[in-house]
Amino acid sequence: MNRFLDLADFSREEVLDLISLAQHLEKHPEPQALAGKILGLVFFNPSLRTLSSFQVGMMRLGGSSFVITPGQGTWQLETRTGAVMNGGAAEHVREGLPVLASYADALGIRAFAEGKDLQYDLAETAFKAMASVVDKPLINLESAVNHPCQALADWKTLEDRHVPQRAKFVLSWANHPRVTPLAVPAATVHMAAQRGMEVVVLRPEGYALPPEIMDKARAAAATSGGSVTETTDRATAMQGAHILYAKEWGSTAHYGDAAADAALRANLSDWCVRESWFDTAAADCKFMHCLPVRRNVAVADDILDGPRSIVLQEAYNRLPAQMAVLHRLLSTGVSQR
Amino acid sequence: MNRFLDLADFSREEVLDLISLAQHLEKHPEPQALAGKILGLVFFNPSLRTLSSFQVGMMRLGGSSFVITPGQGTWQLETRTGAVMNGGAAEHVREGLPVLASYADALGIRAFAEGKDLQYDLAETAFKAMASVVDKPLINLESAVNHPCQALADWKTLEDRHVPQRAKFVLSWANHPRVTPLAVPAATVHMAAQRGMEVVVLRPEGYALPPEIMDKARAAAATSGGSVTETTDRATAMQGAHILYAKEWGSTAHYGDAAADAALRANLSDWCVRESWFDTAAADCKFMHCLPVRRNVAVADDILDGPRSIVLQEAYNRLPAQMAVLHRLLSTGVSQR
Amino acid sequence: MNRFLDLADFSREEVLDLISLAQHLEKHPEPQALAGKILGLVFFNPSLRTLSSFQVGMMRLGGSSFVITPGQGTWQLETRTGAVMNGGAAEHVREGLPVLASYADALGIRAFAEGKDLQYDLAETAFKAMASVVDKPLINLESAVNHPCQALADWKTLEDRHVPQRAKFVLSWANHPRVTPLAVPAATVHMAAQRGMEVVVLRPEGYALPPEIMDKARAAAATSGGSVTETTDRATAMQGAHILYAKEWGSTAHYGDAAADAALRANLSDWCVRESWFDTAAADCKFMHCLPVRRNVAVADDILDGPRSIVLQEAYNRLPAQMAVLHRLLSTGVSQR
Numbered sequence: 000m001n002r003f004l005d006l007a008d009f010s011r012e013e014v015l016d017l018i019s020l021a022q023h024l025e026k027h028p029e030p031q032a033l034a035g036k037i038l039g040l041v042f043f044n045p046s047l048r049t050l051s052s053f054q055v056g057m058m059r060l061g062g063s064s065f066v067i068t069p070g071q072g073t074w075q076l077e078t079r080t081g082a083v084m085n086g087g088a089a090e091h092v093r094e095g096l097p098v099l100a101s102y103a104d105a106l107g108i109r110a111f112a113e114g115k116d117l118q119y120d121l122a123e124t125a126f127k128a129m130a131s132v133v134d135k136p137l138i139n140l141e142s143a144v145n146h147p148c149q150a151l152a153d154w155k156t157l158e159d160r161h162v163p164q165r166a167k168f169v170l171s172w173a174n175h176p177r178v179t180p181l182a183v184p185a186a187t188v189h190m191a192a193q194r195g196m197e198v199v200v201l202r203p204e205g206y207a208l209p210p211e212i213m214d215k216a217r218a219a220a221a222t223s224g225g226s227v228t229e230t231t232d233r234a235t236a237m238q239g240a241h242i243l244y245a246k247e248w249g250s251t252a253h254y255g256d257a258a259a260d261a262a263l264r265a266n267l268s269d270w271c272v273r274e275s276w277f278d279t280a281a282a283d284c285k286f287m288h289c290l291p292v293r294r295n296v297a298v299a300d301d302i303l304d305g306p307r308s309i310v311l312q313e314a315y316n317r318l319p320a321q322m323a324v325l326h327r328l329l330s331t332g333v334s335q336r
Numbered sequence: 000m001n002r003f004l005d006l007a008d009f010s011r012e013e014v015l016d017l018i019s020l021a022q023h024l025e026k027h028p029e030p031q032a033l034a035g036k037i038l039g040l041v042f043f044n045p046s047l048r049t050l051s052s053f054q055v056g057m058m059r060l061g062g063s064s065f066v067i068t069p070g071q072g073t074w075q076l077e078t079r080t081g082a083v084m085n086g087g088a089a090e091h092v093r094e095g096l097p098v099l100a101s102y103a104d105a106l107g108i109r110a111f112a113e114g115k116d117l118q119y120d121l122a123e124t125a126f127k128a129m130a131s132v133v134d135k136p137l138i139n140l141e142s143a144v145n146h147p148c149q150a151l152a153d154w155k156t157l158e159d160r161h162v163p164q165r166a167k168f169v170l171s172w173a174n175h176p177r178v179t180p181l182a183v184p185a186a187t188v189h190m191a192a193q194r195g196m197e198v199v200v201l202r203p204e205g206y207a208l209p210p211e212i213m214d215k216a217r218a219a220a221a222t223s224g225g226s227v228t229e230t231t232d233r234a235t236a237m238q239g240a241h242i243l244y245a246k247e248w249g250s251t252a253h254y255g256d257a258a259a260d261a262a263l264r265a266n267l268s269d270w271c272v273r274e275s276w277f278d279t280a281a282a283d284c285k286f287m288h289c290l291p292v293r294r295n296v297a298v299a300d301d302i303l304d305g306p307r308s309i310v311l312q313e314a315y316n317r318l319p320a321q322m323a324v325l326h327r328l329l330s331t332g333v334s335q336r
Numbered sequence: 000m001n002r003f004l005d006l007a008d009f010s011r012e013e014v015l016d017l018i019s020l021a022q023h024l025e026k027h028p029e030p031q032a033l034a035g036k037i038l039g040l041v042f043f044n045p046s047l048r049t050l051s052s053f054q055v056g057m058m059r060l061g062g063s064s065f066v067i068t069p070g071q072g073t074w075q076l077e078t079r080t081g082a083v084m085n086g087g088a089a090e091h092v093r094e095g096l097p098v099l100a101s102y103a104d105a106l107g108i109r110a111f112a113e114g115k116d117l118q119y120d121l122a123e124t125a126f127k128a129m130a131s132v133v134d135k136p137l138i139n140l141e142s143a144v145n146h147p148c149q150a151l152a153d154w155k156t157l158e159d160r161h162v163p164q165r166a167k168f169v170l171s172w173a174n175h176p177r178v179t180p181l182a183v184p185a186a187t188v189h190m191a192a193q194r195g196m197e198v199v200v201l202r203p204e205g206y207a208l209p210p211e212i213m214d215k216a217r218a219a220a221a222t223s224g225g226s227v228t229e230t231t232d233r234a235t236a237m238q239g240a241h242i243l244y245a246k247e248w249g250s251t252a253h254y255g256d257a258a259a260d261a262a263l264r265a266n267l268s269d270w271c272v273r274e275s276w277f278d279t280a281a282a283d284c285k286f287m288h289c290l291p292v293r294r295n296v297a298v299a300d301d302i303l304d305g306p307r308s309i310v311l312q313e314a315y316n317r318l319p320a321q322m323a324v325l326h327r328l329l330s331t332g333v334s335q336r
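Sequences listed follow chains R, A and L, in order.
Once you know that position 305 of the first sequence is 304 in numbering that gives the first Met the number 0, the rest is easy, because the numbers rise by one and skip nothing.
Once you know that position 283 of the second sequence is 282 in numbering that gives the first Met the number 0, the rest is easy, because the numbers rise by one and skip nothing.
Once you know that position 226 of the third sequence is 225 in numbering that gives the first Met the number 0, the rest is easy, because the numbers rise by one and skip nothing.
None of these hints come from the bench; they were simulated from the model.
Note that the Cβ used here is the ideal one computed from N, Cα and C, for glycine as well.
One or more of the hints may lead you astray.
Stated by the list, open to error - Stretch by stretch, here's where chain A covers chain L in the computed footprint (C-beta under 8 Å, at least three residues):
no.	stretch
1	25-32
2	68-74
3	101-112
4	228-237
Bound conformation, chain R alone:
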């Protein structure tokens, strides 16, 4: 394994094997597995879980890491090809990233969607341009329309809890004060489909996921035996649901138009997850969210603080899931399993 950029690059069995390695490392720590190995972490955008769990993951495997945050302590980095660099960015990723790769044994890069041109973002234009100049193992720490580390941790959470493969998994839009990216909903719908679940995307008008994202998830479902549908009707979606996974994202009908998006969501304040949402769900329906979450805007306090929530387990699982990825990318020893 040389890159971890998208769960879709792996078969269902390969993902389950990664999760199995993650579970193994939880029970049988390997504090020297990555001794002497160095991970460079480049964050074009804020982070809490990714920032801390990758550093900790390297430490727990005996390796180390360094963090670069363009524009904060280091230069702003230009990503556009052919740019005449007379603006704010002092350095281009075509120099910056190969240099960092030359110091490290692997790189991780976080670069959110620009949020202006949907096709540009769906094509992962910026991330692919960066990935093309890195000749070391590379990890996607969240790109325009993907977040494979989150998806892997979420999948592990479902395995840890023995959620049936065919259980009903509802991915619901939730409200937010601002436009947010498509990366997590795109990764989540694909992950649940690839796992073989009965996936329903619940979202208001104007917030349909792009066809490219839905089609990719449906292709995964076709292989795994799952299904992917979508609806605007909450009652239909939640009927018999085993998992409600909430996430905020921007209007795809008004991509790049923050004012139109704001006008649309002004009437959507009831898209804040509350206990009443679960009336027709399975009795032990659990609540998932990738975090960070806006309390009492996207999700009510009583859900986050109540027994349905498994958001902290998801967040914790970032650590072992990523340790498995790092182990596969960087360990030179034979697996001790």
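Dock chains A and L against the given chain R, drawing on the hints supplied.
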């Protein structure tokens, strides 16, 4: 020992035992004592000594650490209970801190006073709300009205220099261009009282420490055999003093009112410590300050650069003092003393 | 070796010996050479290569490091002697740096030129004031008019590529949207002269390097058998050149006057390095730049992406070159060469 939040949680003998461990570690390094242990450091506010000495302390004991700075590279974190999070903060400490704790073996948190409501700050409302959601060993890196790591380092400095237990210790207000918190004066007056010293708080009108802080220090003095008094008269305070500990803090008569505070301190420019302050002090009276210090506003150059100053020794002592705390919180081995 | 502040502090042979150690460490890693050693890194200005390569260098030698960025997570630090500190800076370097030095085994400091007073900057006034209060091994991570780590890495690059000692080395001014410091051109002209090369400084009117910098380089050339000349004529300079080293710097005729500098460089847009510059150069003339570089302002894409460019090799060489410096400063063992 599972938490290090306040020197008042420990008896005088327990504090002296921590200091003894710190002195031991200086002479007998234990570079593997915390091998594999990871400390998460969360800084809501700026830091120099705490930021560097905790990282170094973990390194010198064979462990490692990571730093999270809300709002700089990571999300702003909300601390208010029940908040409707439609503002700047993307995440609540009720999620953020348990997540970080789940990755680490211990957390340290710095969160200065809000400086708006004195009772809110005196009650350590924000810090206690955060501490309540952390289920790992926890260190107070400076809260609204406490700074136990500074107090422990200062106490060690007094021990290292063999300052007599009953010596006169003057905590004096000093000027500053802005309102600053009560954490260090509160921790300092308590530390000196708990050590059993003759403590005098010297401050201008309007800058009396709150009764809650003075009463807590007096209770400590009652147990240790020390005393705590206060005065606005510099000559009285400094008469026979062995230690002058200067610190800036905001007006408690005008708490949360920066304009009234500024008007009050406009006439207090002579509260900049100079050699003349020491005319009636003990001949070898030493000068202490927790740093950072505003030269020639709070303290004159000649004091900081002269033989009375032991501020660098205090700052250095942050390292061994905190190494003792970390050793107690995280070492699983038998003490090698 | 106790300080690494200026290549001019070392003989040509001593520099070559450092480079030899760097080359040795590339082939024969010493992952425990600096076990237990801690480097403190203080960055008053942005960095990418220095920030990452020093952290990685310590890791690869078994040591560790911490990073302090005044004004970002830590206090702004005052550097002026005798300042009345009632402005933005909460702490003076006279306290801050000795404190950090007391925690670490060595410090590195980056502090760019103020860019207001040429004589103040040429005298390294600020850096020298800081160096004077640090009693541990110290590394110059770029000061007002020096960047010895870059110079050492560049020299190593010339050795790695077997560039003849007497080859023609052209240091050319290049355009930039803003005024930038003299540190790299000053270090580069001296490095190439000290190596014994035929050095030509090519720059437009108004951008002559100060006599102090040129004289220092000429003194080095006198010892090494090299030469240093300057010209405004590109064709003359490039005739037979083996190396073109481009760098942006501010007008010395208008030092501290950004408006006059901008007016001057408005007509200098052809000082963007292109293939046509190399018409009369040696056939395999290579292109060097310290990075970061403004693409299509200072250097055209086709040069940076083409076969002449060795900028990534230069940047990579920061790592082994600095590992040699760290080894000399901090290793207590006998060299294993």
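Status of each hint after checking the structure:
no.	hint	in the structure
1	25-32	violated (count 0)
2	68-74	holds (count 4)
3	101-112	holds (count 3)
4	228-237	violated (count 0)
Hint check: violations occur at hints 1 and 4; the rest are consistent with the structure.
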